[in-house]
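The lines below spell out each chain.
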Amino acid sequence: MSEAAIPAPPRAGLSREGWTNLVLLALLGGAGVLFAAMDEPFFVNLASRVAILAMAGVGLNLALGYGGMVSFGHAAFFGLGGYVAGIAAFHAFDRSLFMGWPVAIGGTDAMPAIWPIAMGVSALAALAIGALSLRTSGVYFIMITLAFAQMIYYFAISWPAYGGEDGLSIYVRNSFPGVDVYDPLQFFALCFGALLVALGVTARLTAARFGAALAMARLNETRLATAGIRPFPVRLAAFVISAAITGWAGALFADLNGFVSPTMLSWPMSGELIVFCILGGVGRLCGPVAGAAAFVLLEHFVGGVTERWQLVLGLILLGAVLFARGGIVGALAGRARHD
Amino acid sequence: MTDALAVEGLVKRFGGLTATDGVSLTLRPGEIHALIGPNGAGKSTLIGQIAGTIRPDAGRVMLAGEDVTRLDAAARARRGLGRSFQVSSLAGPLSARRNVMVAVQGREGRVFGFWTPVRRDRALVGPAEAALARVGLAGRADVPAAELSHGERRLLEVACALALKPRALLLDEPMAGLGAEGTEALGSLLDELRTEAPILLVEHDMDAVFRLADRISVLVYGRIIASGSADAIRGDPEVRAAYLGDAA
Chain A
1 MSEAAIPAPP RAGLSREGWT NLVLLALLGG AGVLFAAMDE PFFVNLASRV
51 AILAMAGVGL NLALGYGGMV SFGHAAFFGL GGYVAGIAAF HAFDRSLFMG
101 WPVAIGGTDA MPAIWPIAMG VSALAALAIG ALSLRTSGVY FIMITLAFAQ
151 MIYYFAISWP AYGGEDGLSI YVRNSFPGVD VYDPLQFFAL CFGALLVALG
201 VTARLTAARF GAALAMARLN ETRLATAGIR PFPVRLAAFV ISAAITGWAG
251 ALFADLNGFV SPTMLSWPMS GELIVFCILG GVGRLCGPVA GAAAFVLLEH
301 FVGGVTERWQ LVLGLILLGA VLFARGGIVG ALAGRARHD
Chain B
340 MTDALAVEGL VKRFGGLTAT DGVSLTLRPG EIHALIGPNG AGKSTLIGQI
390 AGTIRPDAGR VMLAGEDVTR LDAAARARRG LGRSFQVSSL AGPLSARRNV
440 MVAVQGREGR VFGFWTPVRR DRALVGPAEA ALARVGLAGR ADVPAAELSH
490 GERRLLEVAC ALALKPRALL LDEPMAGLGA EGTEALGSLL DELRTEAPIL
540 LVEHDMDAVF RLADRISVLV YGRIIASGSA DAIRGDPEVR AAYLGDAA
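Chains as they are written, first to last, in this note's numbering: chain A, 1 to 339; chain B, 340 to 587.
The reader is advised that the hints may include incorrect statements.
Stated by the list, open to error - What the simulated footprint calls covered on chain A by chain B, stretch by stretch (three residues with Cβ under 8 Å from a Cβ of chain B suffice, anywhere in the stretch; the number is not a length):
#, stretch
1, 207–214
2, 220–230
Claimed, not checked - Beta-carbon label-pair distances, calculated as ranges:
#, chain 1, residue 1, chain 2, residue 2, range
3, A, Ala131, B, Arg459, 51 to 61 Å
4, A, Arg325, B, Tyr560, 39 to 49 Å
5, B, Val426, A, Gly200, 55 to 65 Å
6, B, Gly448, A, Arg325, 43 to 53 Å
7, A, Ala26, B, Val426, 30 to 40 Å
8, B, Thr455, A, Leu315, 37 to 47 Å
9, B, Gly448, A, Leu132, 19 to 29 Å
10, B, Arg394, A, Arg335, 17 to 27 Å
Because the hints were derived from the structure by calculation, they are not lab data. By construction, the Cβ of each residue, glycine as well, lies at the ideal position given by its N, Cα and C atoms.
Make the full structure from the sequences, and use the hints.
And the structure:
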């Protein structure tokens with residue numbers, strides 16, 4: 001890991017990384033607006049896709065980058081968020097009940113209701129998965145998070161009520177008060193706004209006491225315990241918050257596609273989320289934004305030329321790992337600073 | 340007066356090897372108690388059991404009269420047991436100040452602050468800088484721990500332990516690898532510190548040990564073979580035979 005080693009020079013205003021982040025976000029936001037002005041809904045939706053995947057990556061980055069927990073199971077939370085949106089829409093559409101006992105719970109098509117549920121379900125799953133997985137570390141942690149995600153994946157495949165292997169269509173996109181969700185620009189604005197909230201929360205958390213303890217849990221867990229702080233609860237809290245953010249992104253992803261299927265829960269999805277972080281910059285605030293943007297651009301443009309676009313992705317990833325450990329943000333903003 | 344730290348009948352076996360064989364010792368308020376012994380005597384295993392990173396097979400560890408044998412290292416630290424490591428254990432990429440701030444955070448017990456940035460948190464920065472000033476690292480607060488000299492890292496470890504406002508200190512070879520000047524400086528610091536928190540000092544530098552320690556215990560093959568004042572230890576024939584050789 002290319003951890004820093006430069007003393008922080010005193011400076012006013014934005015740091016180089018601050019500027020990099022601002023430019024990255026301005027590019028993404030600008031792209032959405034520009035394509036809308038050019039009446040290119042396809043590309044506006046592509047920008048929405050970037051924003052949502054970036055957000056899922058921002059969630060993973062809290063565990064992977066800031067906490068040093070290499071979760072190979074974050075697709076579980078992404079997919080759970082997606083299924084919450086899908087199942088809520090399904091019951092809202094045919095006015096049926098999700099459950100009738102002990103309390104009657106029906107569907108809803110209101111995003112402000114769906115998002116907290118998506119976050120809550122993902123967080124609960126992460127609490128259970130994390131409580132068990134975080135007793136291990138290294139390769140074992142990677143494998144056990146993968147195993148849990150696969151369990152949820154196979155459960156989704158074999159549960160016919162919500163489409164099983166075929167997935168579940170969302171016939172009417174979930175709604176948000178005051179927003180025309182079928183207008184690509186307005187939907188993009190929702191996604192971009194959610195991404196900004198996720199980034200803001202991450203920035204605050206990681207700069208606060210919790211973040212200081214989390215950084216120490218990653219860098220030197222013995223030192224943390226010697227300071228009187230148990231590493232386990234700190235890691236678990238980070239894992240749960242990380243999953244909640246990824247779950248929120250999952251709910252948006254389902255609405256973007258109008259469809260949710262077990263693919264969202266599959267291990268290649270977990271791998272893609274890790275790729276966003278590594279490509280963009282592990283443990284850098286906007287790393288996953290840069291990573292997801294690069295990924296989607298490659299997928300679209302190189303994927304348009306050849307089906308083997310992932311070969312190009314692989315080479316780029318190899319280059320990033322071997323020669324540019326800080327990823328895209330690292331290349332643009334230099335090594336991470338710790339004041 | 341209650342002992343700041345008391346170890347009673349501690350036993351630790353690794354397979355057939357008894358690394359700690361019925362060790363009892365105390366740390367009284369205001370004293371430096373040195374623990375010496377040849378390599379492989381089981382000093383680090385003993386320190387690990389006192390600090391809570393190694394679980395003993397038998398015996399008790401009492402901190403200010405409270406039985407902490409079943410508590411983990413973090414819980415013992417919160418109760419005022421400060422520790423430095425034989426091999427510096429710091430977060431290299433973080434500044435010296437940040438390293439100490441985590442210790443202050445642990446002492447304050449407010450771990451889960453989710454909103455206020457720590458660099459603007461006076462309750463953390465103030466005590467951290469005071470601890471750094473105490474060991475003479477005030478001017479190096481912004482330097483990442485990895486870029487400090489070996490001697491400065493040893494001092495930073497002591498600053499981290501001090502930031503806990505400890506009731507007892509475990510220092511595992513704090514002077515290892517320090518030059519003559521560094522040993523001198525750290526020696527006078529420890530000399531002052533003993534009144535704030537008694538120190539259990541593991542050290543190989545015999546000059547420092549005999550100069551600083553109020554009491555010395557000699558650990559050989561997991562047993563304490565002698566314990567007493569510097570003069571008593573210097574004159575003990577068993578100790579001379581087992582450990583000091585002709586050097587003392």
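Numbers of the earlier hints that this structure fails to satisfy, in rising order: 3, 5, 6, 7, 10
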